[in-house]
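Following the hints, position chain B against chain A.
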Amino acid sequence: MLLSHGSLGWKLKSSLYVITGVIAAFLALPIFFIMALSFGSSQWLVFPPPSWTLKWYERFFDNPQWIESAWTSLQVASLTSIIATLLAIPASFALVRGKFRGRDYLYTFFTLPMVVPVVIIAVAVYGTFLNLGLTGTLFAFVTSHVIIALPFAIISIINSLRLFDKSIEDAAVICGAHRIQAILKVTFPVIKPGVISAALFSFLVSWDEVVISVMMASPNLQTLPVKMWSTLRQDLTPVIAVASTLLILLSLFIMIIASFVRKQSNHR
Amino acid sequence: MLIISSRKKWNNITLLFPIILFLFLFFLMPLASLLLRSLTEPTFGLQNYAQLLATSTYMQVLFNTFLVGTLVTVISLLIGFPLSWCITLMPKGWGRFLISIILLSMWTSLLARTYSWLVLLQSSGIINKTLMAIGIIDQPLEMVHNLTGVIIGMSYIMVPFIVLPLQACMSAIDPMVLQAASICGASARTVFFRVFLPLCKPGLFSGALMVFVMSLGYYVTPALLGGVSDMMLPEFIVQQIQNFLNWGMASASAVFLILITLVLFYLYLKVQTDSPVSSNTGA
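Top to bottom, those sequences are chains A and B.
Here my numbering is used: the first residue of the first sequence is 1, the next is one more, and so on.
Here my numbering is used: the first residue of the second sequence is 269, the next is one more, and so on.
Have a look at the derived ranges for each label pair, beta carbon to beta carbon: (1) R364(B) <-> F26(A): 15 to 21 Å; (2) P466(B) <-> G21(A): 27 to 33 Å; (3) R462(B) <-> S78(A): 49 to 55 Å.
Computed list of lysine to any residue pairs in SDA-like fashion (alpha-carbon distance at most 20 Å, straight line): (4) K13(A) <-> G363(B); (5) K13(A) <-> F464(B); (6) K185(A) <-> F93(A); (7) K13(A) <-> K360(B).
It is worth saying that the hints were derived from the structure and are not from the lab.
Every residue gets a Cβ at the ideal spot worked out from N, C-alpha and C, and that includes glycine.
If we strip away everything but chain A, and leave its shape as in the complex, we get (with noise of 0.2 Å):
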């Protein structure tokens, strides 16, 4: 009865979905708030805004240090989202179909930095490219994002990966394919809802990450989070809104893709 809609008291229910509509409107509302207010007029986010303008859109990008940051971003992402899945989608196939022991002790290692703190992660990796003088560079925004990313695209390989009947590819081997020829024409597409999920969220993680790209900018190279990170220590200027209604409306359109090819993968 309390897990049936029907047959809960009118009293319980209409609380319960007044509590609800709340905690759902607390959970969305700032990110509307943020995005409204990169349009208002007030250098002091004063809300309603006593007038609608793009001028900090104007200011946002007629400022090379917010381009080249953004322009940082889109290849750090773009980069560790390519290396990230490249190096999940072997280890999958080996987790998934291997009968080796210790199988899962591998699984918990590569989800290791999912569980130890962002911060530990930066610090640590902050302080061996600090002595091998790589700080500041690509190389160094890229690896320390690939790391944080692996296990989310190792879990959203793995995932789908173990939906698959392998001995579909067996059979393709069986009629003559090659392993390879097999698993690139069967078993790939298939699971590639999987690997563009896993190509995606680490995207996002990279494009949304603070903590490790603080440490590894340099005045001459840094991200989007970091120009922001930076900005807002010394003000609130809406010029941050404009950044974050950009973030904000990538990580909605990555979110739209995915959910678009999770239900393309369901419809088969």
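Chain B alone, transformed into the frame defined by chain A:
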């Protein structure tokens, strides 16, 4: 099958080699060298740990870290439970709508969300203004750069991590079990506390544990929404490195943070019995 099994073993090693090499070089080695530094800098010995334990600031930082972790876990449980319950109750479409709001919030840039709270909570912000307009308060409440700000911002971020496991757990409960209890004469209250809640326990427990662990290691939100006096462990570690170049102290406190995290993670794995890779040994 027997003939190719030895070659197969080879294949697994080749397939796993790149990722293991990568994580070894860029994850394990840096981590190990960071931990080693707590024993070797400035000189070999345990002096960093002794110094940490003797510093009252550090004790305060530890206290703050656990206080924030506990409060955030409790609050996000209180928010997450009714939400999960409602998602389970609602017709499918609405439930899915709520889940997508949760996912949207979860995958929206952390920095953007924290910035939004910074603006919302500031003394001239909309929350203070509304409260003053209604007449609940005369003076703006201090809600940022203190513990309140950290708790609000962190709970906001952690709610999705409670709801997702808890909702999965709730939707797996057979409604008939609850009905059976009430047919046998249990009151709604009894069904809730004696049947429903115990059945939700795995979801509650894994969600709470995850949120607690994550809260201990959060840096961005406490650094922006918190004040100087409520510094948490991650901020302390970064400060030791960036401001004082004191790698020894930073590493010693990092060791502590890692130890707590790994112990709690081990507990989490114990709670979650099914393995993601081994359970499919059908073939």
